[in-house]
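K.L.:
So you can see what is in the structure, the chains are spelled out below.
Protein chains: 2
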Amino acid sequence: MLSKEPYKGTRDFYPEDQFVHNHIFGVIRRVVEGFGYQEYNAPMLEETALYAAKTGEEIVGEQTYSFTDRGDRQVTMRPEMTPSFARMIARKRHELAFPARWYSIPNLWRYERPQRGRLREHWQLNVDIAGVNSIHGELEVITTAVDIMRGLGAKDDEFEVRINSRRFVEAFFADILGLDETRAYRLAKLIDKKAKISEEQFAEQGRSIVGTPLYPLFASCMEAGSIDELCRILPLEFATHPSIQELGDLFALLGQGGVGNARFDPTIMRGFDYYTGVVFEVFDKHPDNNRAMFGGGRYDGLVGIFGVEPISCVGIAMGDVTAYNFLEVRGLLPKYESNAKLYLSTGPGATFEEVWAMAVQLRGEGIAVCVELDNRKLEKQLKAADKLAVPYIAVIGGDEVASGMLKLKSLTSGAITEIGLKDLPAFLQKN
Amino acid sequence: MLSKEPYKGTRDFYPEDQFVHNHIFGVIRRVVEGFGYQEYNAPMLEETALYAAKTGEEIVGEQTYSFTDRGDRQVTMRPEMTPSFARMIARKRHELAFPARWYSIPNLWRYERPQRGRLREHWQLNVDIAGVNSIHGELEVITTAVDIMRGLGAKDDEFEVRINSRRFVEAFFADILGLDETRAYRLAKLIDKKAKISEEQFAEQGRSIVGTPLYPLFASCMEAGSIDELCRILPLEFATHPSIQELGDLFALLGQGGVGNARFDPTIMRGFDYYTGVVFEVFDKHPDNNRAMFGGGRYDGLVGIFGVEPISCVGIAMGDVTAYNFLEVRGLLPKYESNAKLYLSTGPGATFEEVWAMAVQLRGEGIAVCVELDNRKLEKQLKAADKLAVPYIAVIGGDEVASGMLKLKSLTSGAITEIGLKDLPAFLQKN
Chain A
1 MLSKEPYKGT RDFYPEDQFV HNHIFGVIRR VVEGFGYQEY NAPMLEETAL
51 YAAKTGEEIV GEQTYSFTDR GDRQVTMRPE MTPSFARMIA RKRHELAFPA
101 RWYSIPNLWR YERPQRGRLR EHWQLNVDIA GVNSIHGELE VITTAVDIMR
151 GLGAKDDEFE VRINSRRFVE AFFADILGLD ETRAYRLAKL IDKKAKISEE
201 QFAEQGRSIV GTPLYPLFAS CMEAGSIDEL CRILPLEFAT HPSIQELGDL
251 FALLGQGGVG NARFDPTIMR GFDYYTGVVF EVFDKHPDNN RAMFGGGRYD
301 GLVGIFGVEP ISCVGIAMGD VTAYNFLEVR GLLPKYESNA KLYLSTGPGA
351 TFEEVWAMAV QLRGEGIAVC VELDNRKLEK QLKAADKLAV PYIAVIGGDE
401 VASGMLKLKS LTSGAITEIG LKDLPAFLQK N
Chain B
1 MLSKEPYKGT RDFYPEDQFV HNHIFGVIRR VVEGFGYQEY NAPMLEETAL
51 YAAKTGEEIV GEQTYSFTDR GDRQVTMRPE MTPSFARMIA RKRHELAFPA
101 RWYSIPNLWR YERPQRGRLR EHWQLNVDIA GVNSIHGELE VITTAVDIMR
151 GLGAKDDEFE VRINSRRFVE AFFADILGLD ETRAYRLAKL IDKKAKISEE
201 QFAEQGRSIV GTPLYPLFAS CMEAGSIDEL CRILPLEFAT HPSIQELGDL
251 FALLGQGGVG NARFDPTIMR GFDYYTGVVF EVFDKHPDNN RAMFGGGRYD
301 GLVGIFGVEP ISCVGIAMGD VTAYNFLEVR GLLPKYESNA KLYLSTGPGA
351 TFEEVWAMAV QLRGEGIAVC VELDNRKLEK QLKAADKLAV PYIAVIGGDE
401 VASGMLKLKS LTSGAITEIG LKDLPAFLQK N
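As they're listed, the protein sequences go chains A and B.
Residues in the first sequence are numbered consecutively from 1, following the numbering used here.
Residues in the second sequence are numbered consecutively from 1, following the numbering used here.
Wrong hints could be hidden among the right ones.
You can't tell identical chains apart in this list, so a pair holds if it fits in one copy or across any two.
Using 25 Å as the maximum straight-line C-alpha spacing, the simulated SDA-like pairs for lysine to any residue come out as follows [unchecked claim]:
(1) K4 / F251
(2) K387 / Q256
(3) K4 / E39
(4) K92 / D156
(5) K335 / G257
(6) K4 / W123
(7) K8 / E39
(8) K335 / E39
(9) K189 / A224
(10) K409 / D300
(11) K92 / K335
Please keep in mind that the hints were generated in silico from the structure rather than gathered at the bench.
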């Protein structure tokens, strides 16, 4: 027997599900296009080498769908979009207008145990800007994320932008903690999984990497809730470090631009190995959905790995599953609405051809119409129209064809409106 | 060195390419939603068994991306959408409102040698209706296809709907030609590849299947251009066969509904094994693009293979590559337009923060604005804005901030309009 279920860890999108999906990505499109972002797309299969370089070992080795094609190429179903974005920018490095503001909403694949908020196939908004060197790039992509949250219905006190800097982390690890590259990498990975392990585990592993004498300094830095606080803990001269200056500028710009819910968070690392500057996450503060909805940062080195002149990039991404969970816990899921405004039924004294001709005419005037095709019992038609959330039904009989006057029945209130075919489009567009 | 090229047989969609893609599928959405179709989607991976049953041996065995996942499941990257559609209908057989009018625009994968109009990854519109028993189902999906062609800019005499019936073919093969199932299957496959082989090859293979005495009857039937012509060739009693009656009804309904460019074509077979009734293709008549753009038909048996009560289905599909080729040869490709209406630049006496605040305000009023983030030389900014097809640029200096009056420069005509910030949204929405 053939299975009726979708493949493990994936979802069927029935029309009601697709409606929510379209609502989420409709808001997103409006917002990002308002900043001048252009849509792009890339193939869903890429050669595995594209990810091996910079995505991070764990993801490529254990969490991707990779296989050998019939032409003996190693290919991977894309687990993320940024490598494809960088490849495309590199491919037309000398033809494109910069800055390139691009967005995409690809389907992505991860091979992992499905759990709340993590599926094997998901969709993800990617917003990236290539060719901006200043912190204004970070300002812009963070502002798009904040405007998307607002567009989805979030109030500013319901979410938070948490910002850190890989340049700061690097300088802190090397110059203050005196770590070599290997230990620095291990410490970054430890911080990245801080939320998933116990405080004791974190302290124990942290001590073993940082060393006991410096661990208290490290631990108190990890607790700093602002740049000012951080500067009070660290040596005075560190306050003038370029990464600290840059973070200060970014917070000032965000505040002046109306983004008041951003704060410094030294534990934000982002998993991927390609980030080089500021990194950030947007957190829903709801206790049932306390997780990153957006994540991103600056990755100035990625385009250069294709052997072209490097170009600075900043990007941010959001998955559809976390967006859906956000709308759900906040009670913001939209109510399903039908595209069709009218269900047309053939009544006594009229032919199907006459009703079909009426539908052709109404569609020509921009009205979406469902026509009853099998002339079922009226009761069945009413039930179907109601289940499909079509707001009105009209039964076209001989009288209606002759007079051009329709009895329009509202399927929500049951009220009946008599209306001429001529006036119908205007009425349905309003109601 | 990492490759900058997309994986073989696939395409990168740069913003200008995605713009054309969005144009094509934007027209399509408007049309099919006008008939009350609802959007759905399904996972891009399905278990291989889903295709093995009914898609046709050649496609599953040789032309799919199939592999074993880490949990030892045989999976396939979907080569077509109809099996997923049928699976989803079967899964909620007892909950859905019928008829279910559904459409989707999935990315699909075929493992084959890339050639004009045939790529490894492509997108495809799928329009399907489940739960309609009468020929009105065929009328509706064929009409959506015709309206899409018109929506894309085709004139009715530039394309043609070619219609056949598997029920007719079956009766013709069995009752008139006396073929058993195996020979009938071979003959159907031969007709399916008629356009790809020489007339001699067709005749030779046709004779070997049909037999020499009956071959002339078969051959002249294959030339019939209308039902009437067919009925003059075949025995008189065949004119009353239900499949012939049904085809006659369909042509009458199409004609009455304004579709005058449909004709009977006994060579239309459609490759897939699941069709059970009327089948059709929409052909572009342009000599450089003389190929099927849409294909579809009735497949009443497919939902039943999932072990639920069967339900009648009719569907039609169109690929993005053939749609693109059609627009190209007809000179109907749309000109790229930017989402952003305005490029804002910081001039002498103003700060970036002041310009950014202006952009925030304009976006709040629904105007899409690109802001210059790196304060490059004005010449560079003009070049970038022009390449991005942003229609206007304004340099905001101290005077502009103080007076609220902007000098808006058109990047197409070079004309300069002085305009107040307050009046800008209305101006840009109009121009």
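K.L.:
Hint by hint, where does the structure go against what was stated? Just the numbers, ascending.
P.N.:
1, 2, 4, 5, 10
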